[in-house]
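Student: Single-letter residue listing:
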Amino acid sequence: MTEFPETRSNLLAQVRSPDEREAWEEFVLTYQPVIYRMARRRGMQDSDAQDLVQTVLMRVAGAIESWEKAPGVRFRHWLRRVAKNAILSAFSRKPNDPALGGSGIQQLMDEQPAEATEVEHELALESQREQFLRAAVMVQSDVNAETWRAFELTVIDGESCESAAKILEKSVGAVYAARSRVMRRLRNKVQELGQGES
Amino acid sequence: MNAQRNDCDRRRIDAFLESNHVALEDPQLIEHLDSCQSCRDYIGSQAAEARSWAQATDLLKPSEFDNAGSLACSAVTIGHQSSEQPLAVRNVLASLAPTDDPNRLGRLGGYEVSGVVGVGGMGIVPKAVDPALDRVVAIKVMAPHLANNAASRARFSREAKAAAAVLDPNVVPIHSVSSDGDTPYLVMAYIRGGSLQKRLQREGTLTTVEISRIGAQVAAGLAAAHEQVLVHRDVKPENILLEDNVERVTLTDFGLARAVDDASVTREGTIAGTP
Ligand SMILES: [Zn+2]
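Chains as they are written, first to last, in the numbering used here: chain A, 2 to 199; chain B, 8 to 282.
In isolation and in its complexed conformation, chain A is listed as follows (with noise of 0.2 Å):
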């Protein structure tokens, strides 16, 4: 049988403290659709993208034990740079040699590919919105479902307050103050979940 990576089941068996693994969690969570995202952009088809994911995430995991050897540095941060150094170096390849495994630490962290810019530009928008997406799970899960509504209407779906207010048949104003907290929330959820970042 051919060896596959996966054969490696357990991406966490690297990560043994609870800080860390919280780290690696949020990390998964987060970059998991952001690199789904830009393969399925770049063409590829559902599953290839979902086998791209799991490529770089198992190089990222594969990466960790050498973390320890970077005195000093936070997990959270490493965990970071060495994610934007794969992902870069994966989209940066010509689309038909998606060849990523074996390369060492080194590499990955030295890796710049020429194009590097409008990729990293991709992978910060997509991340950005990454957090906006899981800060709305959290927010919309908090407040009723009006008050939601009048801030998807108004902000998403490019609604009007007066037209928001004819659909969920409340007053404007109450619509102006629902939004006003759901965006309150959001903004803080946002910076809360930006905190391990830079």
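Be aware that a few hints might be false.
What the hints assert, rightly or not - Listed next, the stretches of chain A that the computed footprint assigns to chain B, with coverage defined by at least 3 CB atoms under 8 Å from CB atoms of chain B:
| hint | segment |
| --- | --- |
| 1 | 38-51 |
| 2 | 74-86 |
| 3 | 172-179 |
| 4 | 182-194 |
Stated by the list, open to error - Quick look at which bits of chain B chain A covers, simulated, 3 or more residues with Cβ under 8 Å:
| hint | segment |
| --- | --- |
| 5 | 31-44 |
| 6 | 49-61 |
| 7 | 112-124 |
Claimed, not checked - Simulated crosslink set (DSS-like; lysine-lysine; CA at most 27 Å straight-line):
| hint | chain 1 | residue 1 | chain 2 | residue 2 |
| --- | --- | --- | --- | --- |
| 8 | B | K68 | A | K167 |
| 9 | B | K68 | A | K190 |
| 10 | B | K68 | A | K171 |
| 11 | A | K85 | A | K190 |
| 12 | B | K68 | A | K85 |
| 13 | B | K243 | B | K205 |
| 14 | B | K168 | B | K243 |
Since the hints were derived computationally from the structure, they do not count as laboratory data. The C-beta atom is built at its ideal place from N, Cα and C for all residues, glycine as well.
Place chain B with the ligand on chain A using the hints.
Tutor: Relative to the frame of chain A, chain B with the ligand by itself:
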């Protein structure tokens, strides 16, 4: 700019925004907002900077690939969007047992499901890890709505038995079968690579050498099946898998296979094959 009126109360707006009690309402403030443009502007600008409002609009708009059939990757979607996954997929995923590994979608039997590699009429094919043997497998899971149908179940278990009987390098090996539970499934080797169909779409025509290589191996796989008095009956590019980096071709999907002596399966007039 709209002027502030006598009845404007900015501190009240601040308190409203900062309140952690989402249920807290302020009917008087809401009534005031019905008519005061100045306070509408104020509450908006106090809620978040203009940039955050603009980002929310841009980033939360459903993007083209948020729900393009991805499962492992769409763990985070807003509300109604997630309902756009194919029904069969949602049903199967909903039937998975929970797992404590955040990287997995759930558990089926002893297998940790990590993604979905195929969706077909009969059900879906998740990719999973067999922790006991530390190997990757593809699991063909029968869609729950078909599992209630006796004929479908019979066909499913027939495929499982038929395919499991064939041991040949050119036929995808079946590791195990579970056909009596609520969700029948069969576990087979996961072939990393793609189908001949995909390859043709991607590269167009193949070289003569390739064609004969693939043809010979498909023939070998079919011959092995025939030795078990089994007819595949649905040989097509989608069911021919090309392994990555190895010159091996494997035949899969014995869903329509028929044992030569099994007369009950296809009555005359029943159409086999995939349209
Ligand atoms: Zn006012």
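Student: Confirm or reject each hint.
Tutor: Here's how the hints hold up against the structure:
1. 38-51: holds (count 9)
2. 74-86: violated (count 0)
3. 172-179: holds (count 6)
4. 182-194: Result for this restraint: holds, n = 6.
5. 31-44: Check passed, 8 qualifying residues.
6. 49-61: holds (count 8)
7. 112-124: holds (count 5)
8. B:K68 - A:K167: Satisfied, since the Cα-Cα distance of roughly 22 Å is no more than 27 Å.
9. B:K68 - A:K190: It holds: about 18 Å lies between the C-alpha atoms, which stays within 27 Å.
10. B:K68 - A:K171: holds, 24 Å
11. A:K85 - A:K190: holds, 23 Å
12. B:K68 - A:K85: holds, 24 Å
13. B:K243 - B:K205: Holds, because 12 Å separates the two Cα atoms, which is no more than 27 Å.
14. B:K168 - B:K243: holds, 21 Å
In terms of the numbered hints stated before, the structure departs from hint 2 and from no other.
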